[in-house]
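Protein chains: 2
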Amino acid sequence: MSEAARSLEEVGVNRCFGGWHRRYRHRSASLSCDMVFAVYLPPQAERRPVPALYWLSGLTCSDENFMQKAGALRLAAELGIALVVPDTSPRGVEVPGDPDGAWDFGHGAGFYLNATREPWARHYRMHDYVVHELPQLVEASLPIDACRAISGHSMGGHGALVCALRNPGRYRSLSAFAPICHPLACPWGEKAFTHYLGADRAAWMEWDACELIAMASERLPLLVDQGTADDFLATQLRPEALRQACAVARHPLTLRLQTGYDHSYYFIASFIDDHLRHHAAALLA
Amino acid sequence: MSEAARSLEEVGVNRCFGGWHRRYRHRSASLSCDMVFAVYLPPQAERRPVPALYWLSGLTCSDENFMQKAGALRLAAELGIALVVPDTSPRGVEVPGDPDGAWDFGHGAGFYLNATREPWARHYRMHDYVVHELPQLVEASLPIDACRAISGHSMGGHGALVCALRNPGRYRSLSAFAPICHPLACPWGEKAFTHYLGADRAAWMEWDACELIAMASERLPLLVDQGTADDFLATQLRPEALRQACAVARHPLTLRLQTGYDHSYYFIASFIDDHLRHHAAALLA
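Chains as they are written, first to last, in our numbering: chain U, 4 to 288; chain W, 4 to 288.
Please keep in mind that the hints were generated in silico from the structure rather than gathered at the bench. All C-beta atoms in this analysis are idealised placements derived from N, C-alpha and C, irrespective of residue type, glycine included. Treat the hints with caution; some may be incorrect.
Here chain W is said to cover these stretches of chain U; the calculated rule only asks that three of the stretch's residues, wherever they fall, bring their Cβ under 8 angstroms from a Cβ of chain W [what the hints assert, rightly or not]:
#1 163 to 172
#2 185 to 199
From the derived model, a few chain W residues whose C-beta atoms are all more than 10 angstroms from chain U [claimed, not checked]:
#3 103
#4 221
#5 237
#6 238
#7 272
One chain only, chain U, in its complex shape (with noise of 0.2 angstroms):
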């Protein structure tokens, strides 16, 4: 067993399709303290490294959302795709959480960037976590290899884009669900980003995907669903920002409308499969 195999503690196991779900505990460096994840391993990890997309679940979710909700076990596991899942931001008593114990911000909301200021720069580093330090991890402990896909949903969808968009090279394929397009002009990121990157407006503009696309260097095509009877789609989700971002940095992008959708998992689970073949055409190419 690898070193990186050993700082695993399995606190989880279920069989799944013919393949495995597991939960992991581990003492993660970049966020200076204990994370859980998940992963799924389709039946053709038993005989060699398969490649993975990478899910990055909304605010107040953890592992276990997109796992049990979404769906996403019965194709991943005919197309041979792992599946990735990190908590939603650092945990643990010692991790200062939302002064005001509100739900969007702190525990569970770790917007996937790398916070500067004070509480919380020592912790909120889920960027460095998801695009580095978890990757590493799996690939030297489980049989995934290195070709990676994002996605994800709402805040995580914020997340998948910004991720990739700052990392050319590497992820093979992008998507999102009902993303936070422009986090820095609306009120969740508002709010977020101005206590993990302090007031400076400046600051914000390279974790909001709608500015990163316009000096993007890597073209992903990107697909995107987004329901239209989702309670934050005016006010937080913002898809006509991205769309027009798009068009101006003439970056591809499939923007679905999805009519009568909400922002819960049962929208998920009626997409998901379009996207994990999205994934699959990027990774198994």
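Following the hints, position chain W against chain U.
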């Protein structure tokens, strides 16, 4: 709108796979309390009434576990089958629960029978609710017809077997995941039956699938999946008792022991499509 439809208060709605997941609250006459149940209406229900699979959940569950975690809605939408998912017991402050606050009796643990002993007999009449009141309600108020199938998990697997075996002609097909096959001879069943039915074991036989199979007048082919890594297999579920009862009675049984699978919804999700196709063959014939 019919009187039945007026009695339903919609408490949730999500578009899913082109159809609708809906949750309703209503006053139950059988249970003398307010109840919440969920339905999934496939796209075909916009044009005509569709047949329904009734799903009975296990201990501690509500209507939500199956809808969120089983991954059943995708194929139900394709096949044109509605899903009707009741809660697992009467609920509310006026409904007595386990005297010791345990999770295996009382709230969330109605065992799909009609209790005869006080203080349970007034509310705990889940058999009447599931077999009569709920179908009558949904068939009068929603685009759901009287072609019914039934399935369930664990305590709900027991419920599905007993509901079908006690009511020949009422269901066109029957299946179960990890059912409590012989409740009169396992700790969960003994505890529940002692409270709900009293100490006289003769009264227990009419709520035990293995006993009912011996005298069944209808021979619905039975599909049962059971994980071999299920922690409750030997002590609570006892599929070999069901196998023996079916062998003696020459009742058609397909009992599949699924290697390495546990008692969770990861197990159910892995095989739910087979069950949906089993029911579709009977419902859509």
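Do the hints match the structure? See the list:
For a cut-off of 8 angstroms, the count of residues in the region 163 to 172 of chain U with a CB near a CB of chain W stands at 0, and the three-residue condition is violated. With 0 residues having a Cβ less than 8 angstroms from any Cβ of chain W, the region 185 to 199 of chain U misses the three-residue criterion, and the hint is violated. Remark: the non-interface label on residue 103 of chain W is consistent with the geometry, its nearest Cβ contact in chain U lying 28 angstroms away (cut-off 10 angstroms). A cut-off of 10 angstroms between C-beta atoms confirms that residue 221 of chain W is not in contact with chain U; the least separation is 33 angstroms.
The beta carbon of residue 237 of chain W sits about 18 angstroms from the closest Cβ of chain U, which is more than 10 angstroms, so the claim that it is off the interface holds. Against the 10 angstroms criterion, residue 238 of chain W stays outside the reach of chain U, whose nearest CB is about 20 angstroms from its own CB. Interface exclusion of residue 272 of chain W from chain U breaks down, the closest Cβ pair being 7 angstroms apart, not more than 10 angstroms.
Checked against the numbered hints above, the structure violates hints 1, 2 and 7; every other hint is satisfied.
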